[in-house]
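As given, the protein sequences belong to chains A and B, one line each in that order.
Okay, so the first sequence: first residue is 1 according to our numbering, each after it adds one.
Okay, so the second sequence: first residue is 268 according to our numbering, each after it adds one.
Hints in this document: simulated from the structure, not taken from any laboratory.
Remember, predicted model here, so these are calculated numbers, not experimental data.
Heads up, the beta-carbon is just placed ideally off N, CA and C, and yes, glycines get one too.
Don't take each hint at face value.
As the list claims (entries may be wrong) - Calculated Cβ distances over 12 Å to all of chain B for the following chain A residues: (1) Ala24; (2) Gly27; (3) Lys54; (4) Gly74; (5) Pro75; (6) Ala140; (7) Asp143; (8) Ser181; (9) Pro200; (10) Pro205; (11) Lys207.
Claimed, not checked - According to the in silico footprint, chain A covers these stretches of chain B (three or more CB under 8 Å from chain A): (12) 343-350; (13) 356-363; (14) 399-405.
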Amino acid sequence: MKKLSARRRHPLAALVVLLFALAATGGLYAAFAPAGTAQADSSSQSLAIEEGKKLYAVGCSSCHGLNGQGGTDGPSLVGVGSAAVDFQVGTGRMPAQQPGAQVPAKKNIYSQAQIDQLAAYVASFGPGPVAPTKDQYDTAKGDVSAGGELFRTNCAQCHNFAGKGGALTHGKYAPALDNTSPKHIYEAMQTGPQNMPAFPDSVMPEKQKRDIVAFVRHTAEAPSPGGMDLGSLGPVTEGLFGWIFGLGALIAVAIWVAAHTSKAKKS
Amino acid sequence: MSAASGAASGGAKPSSSRAKPANKAEAAADWADGRLGIYSLAKSNLRKIFPDHWSFMLGEICLYTFIIIILTGVYLTLFFKPSMGEVVYHGSYMPLNGIRMSEAYASTLDISFDVRGGLLIRQIHHWAAILFVAAMLVHMMRVFFTGAFRKPREINWIFGAMLLILGMFDGFMGYSLPDDLLSGTGIRFMEGAVLAVPIVGTYLQMFLFGGQFPGDDIIPRLFTVHVLLIPGIMLGLLVAHLILVFYHKHTQFAGPGRTEKNVVGMPLMPVYMAKAGGFFFLVFGVTSVVSAIATVNPIWAYGPYRPDQVSTDAQPDWYMGFSEGLIRLMPGWEIRAWGHTLNLGVFIPLMIFPLVLVAIWVYPFIEAWVTGDKREHHIADRPRNAPVRTSFGAAWISLYLVLLVAGGNDLFATHFHMSINSITWTMRIAFFVVPVLTFIVTKRICMGLQRRDRDKVLHGRESGIIKRLPHGEFIEVHEPLSPAQLHKLTAHDQLRPVELPAAVDENGVKRKITRSQKLRAKLSRGYFGEEGQIAKPTAEEYREITSGHGHH
Chain A
1 MKKLSARRRH
11 PLAALVVLLF
21 ALAATGGLYA
31 AFAPAGTAQA
41 DSSSQSLAIE
51 EGKKLYAVGC
61 SSCHGLNGQG
71 GTDGPSLVGV
81 GSAAVDFQVG
91 TGRMPAQQPG
101 AQVPAKKNIY
111 SQAQIDQLAA
121 YVASFGPGPV
131 APTKDQYDTA
141 KGDVSAGGEL
151 FRTNCAQCHN
161 FAGKGGALTH
171 GKYAPALDNT
181 SPKHIYEAMQ
191 TGPQNMPAFP
201 DSVMPEKQKR
211 DIVAFVRHTA
221 EAPSPGGMDL
231 GSLGPVTEGL
241 FGWIFGLGAL
251 IAVAIWVAAH
261 TSKAKKS
Chain B
268 MSAASGAASG
278 GAKPSSSRAK
288 PANKAEAAAD
298 WADGRLGIYS
308 LAKSNLRKIF
318 PDHWSFMLGE
328 ICLYTFIIII
338 LTGVYLTLFF
348 KPSMGEVVYH
358 GSYMPLNGIR
368 MSEAYASTLD
378 ISFDVRGGLL
388 IRQIHHWAAI
398 LFVAAMLVHM
408 MRVFFTGAFR
418 KPREINWIFG
428 AMLLILGMFD
438 GFMGYSLPDD
448 LLSGTGIRFM
458 EGAVLAVPIV
468 GTYLQMFLFG
478 GQFPGDDIIP
488 RLFTVHVLLI
498 PGIMLGLLVA
508 HLILVFYHKH
518 TQFAGPGRTE
528 KNVVGMPLMP
538 VYMAKAGGFF
548 FLVFGVTSVV
558 SAIATVNPIW
568 AYGPYRPDQV
578 STDAQPDWYM
588 GFSEGLIRLM
598 PGWEIRAWGH
608 TLNLGVFIPL
618 MIFPLVLVAI
628 WVYPFIEAWV
638 TGDKREHHIA
648 DRPRNAPVRT
658 SFGAAWISLY
668 LVLLVAGGND
678 LFATHFHMSI
688 NSITWTMRIA
698 FFVVPVLTFI
708 VTKRICMGLQ
718 RRDRDKVLHG
728 RESGIIKRLP
738 HGEFIEVHEP
748 LSPAQLHKLT
758 AHDQLRPVEL
768 PAAVDENGVK
778 RKITRSQKLR
788 AKLSRGYFGE
798 EGQIAKPTAE
808 EYREITSGHG
818 HH
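Can you make the complete structure from the sequences, with help from the hints?
Spelled out as structure tokens, the structure:
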């Protein structure tokens, strides 16, 4: 303590205090900041309603119209099929929280049974892509290397070579695929949600879709052979890491070496 | 000198004419001296003095990472096949099993997964390259901000500049060799840049690629340039760079006993030999640790190059990032006339690319012209005492950073949830505005620091201790600086602005004043006028203040 007290007038004391203050402020904020997830009040209301039509009337009709005809706030749902509903509601994108460049995925508040009811109701508007069966997106049956080739041809230009996502124009983006379930990846290809093009069976046969699903899941789950993957975002993060940790460490070592000179006494 | 040469010729005489060597080591040294003249070399160089400062070791980081790159590069050439011949992969990386790819890519996969230690060596090679160019840039900045480029070191500054640009391009060629999807995209970028050159672009492209893109010549050609031509030139420049460092002796910061005519520090042998040798192993160690814990250039994840495929996040390594930024900032302008297209959207960035680097490299010569300073300088400047130079350097760094951000605009968009278009527009404006603002702000900071130095010299350091005097007045106690600190703060000399010659000469004839003279006088006022420096305290001022009047 005495040592500390003796140094309180040191020219660098102010800097040290500032660093401590910043660390304390940040730490306290991190400790006490409200959690990022908010509880939706309307869920209790919609949970009480059992049938798809009623679910639809509550959750969807304000934008998509009472009969799915669409309106100024949402597109028509005629012919989108049960696959689109399963994807949009299952990933939490729908019902949308607010209009914007793109509707983000969020916590899904519907049970799978409710989603199925909604999907059945929306599918009754007109024929469309049907939600896939388990066999169609079974990653064990997919060919990873063929899927990789298909992924690099059709998907990587937006979703990045490892499915880490990428930017599109005006705040839109291709999301990262790390946490997307095989079923939802398959449905996204079937229906082409938001800015994504659709890959119907006439363009990309079922087997190829299954290969892509297998590749995406393999890439997300396989360990990185070279150590930390730095986000698999290409040379930008590598450069940042090299400068901060590589060169930073080398300069720290240089300062250490220079500080240990062969002087007889310390000045 | 003559004594040394006498000893050298003595080795050839019959052994009876000189004392018998005391031991085997001495005998070996005598043998070598008779043939290589090592005694005189050692005499003049082993006691060479080097000053102690951590920033003087940045150049060493460059040297050692370069050595690491050569050592690991030799290992990689033992296994790499620079060929674009097509093969079907059946190696041990299963997710690419059965995929058609070039031999270059397949052999890089083999290095990564089947050659013992191959992946680690590959990563050391690549991380060392990233660190090498980064260290060169920081080393260059150190030289720039301390004015260590001034006479007599201008030529060494140019050698360093050439090493930097060669390092950048050798790095680019190096990561282009594996023929993965990312590197192929980079080569495609280069092809686009070559094609954008007016009139000769298409001819140059055909010449480089031996036909249409991608052909099968480009990788073997890049390989030869990458492993032979450029490293050879760099090695030569490096040796010249080091010889000049020895010849000029190292710069040092001002301090007691340090003058323009001496160097205060430790001798090369044994102190610096030990330090530098140890530092080499530390640099190698840090690079190896980085390479062992973090992936670099995961070519297996990119997949083999095919011209019909592309991935997002297609950026070059950081040192080429500012060229990517230039391209991403530039609107896609085109002029079409007489059946030809002039692709300004690529051609203008291509022209600005060298200018960004040249701007910082010619600065020493501009400064020398403005100051008209022909003296030798061996005492390094404190950056604050050269405000215009420091602000120019800071402005250059800010421009470089703007371009780096622009080059990674998509990652900023996804990770900070912003629109990529807004980022691009912000950076377009920032490209012109930020360097100017940085210049103004940095200059003001430098002037403020100079004022503070002046204040510290005259009044001492504010100690933070408040004292109440007997008559009730409160004062803050100022600690006077030590003589060593006073010397450090006042050692720099301050030039006066050059004056234009009188409008009429002694015979009353109107003198012709050239435009360049006027410009030089104006710049000189900016450097050394009231706006450019704070007069440092004189000895009289110091004596007056400290002659017992207490404070203020």
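Hint check:
For A:Ala24, the non-interface assignment is confirmed: its Cβ lies about 22 Å from the closest Cβ of chain B, beyond the 12 Å cut-off. With 12 Å as the threshold on Cβ separation, the claim that A:Gly27 sits away from chain B holds: the shortest Cβ distance comes to roughly 22 Å. A:Lys54, annotated as away from the interface, keeps every beta carbon of chain B farther than 12 Å; the closest lies near 35 Å. Here A:Gly74 stays apart from chain B, with its beta-carbon at least about 22 Å from theirs, past the 12 Å limit.
The Cβ of A:Pro75 lies farther than 12 Å from every Cβ of chain B, with a closest approach of about 22 Å, so its non-interface assignment holds. For A:Ala140, the condition that its CB be more than 12 Å from all CB atoms of chain B holds, with the nearest at approximately 14 Å. Listed as outside the interface, A:Asp143 is inconsistent with that label: its C-beta sits roughly 9 Å from the nearest C-beta of chain B, within the 12 Å cut-off. In this structure A:Ser181 is separated from chain B by more than 12 Å, as the shortest Cβ-Cβ distance comes to about 20 Å.
Residue placement check: A:Pro200 keeps its beta carbon more than 12 Å from all beta carbons of chain B (closest about 21 Å). The claim that A:Pro205 lies off the interface holds: its Cβ sits roughly 19 Å from the closest Cβ of chain B, which is beyond the 12 Å cut-off. The non-interface label for A:Lys207 is consistent with chain B: the shortest C-beta to C-beta separation is roughly 15 Å, beyond 12 Å. Only when three residues or more bring their CB closer than 8 Å to a CB of chain A does the claim for the region 343-350 of chain B stand; here the count is 0, and the claim is violated.
Counting residues of the region 356-363 of chain B whose CB lies closer than 8 Å to any CB of chain A gives 3, which reaches the minimum of 3, so the coverage claim holds. Taking a C-beta to C-beta cut-off of 8 Å, the region 399-405 of chain B contributes 3 residues in contact with chain A, enough for the three needed, and the coverage statement holds.
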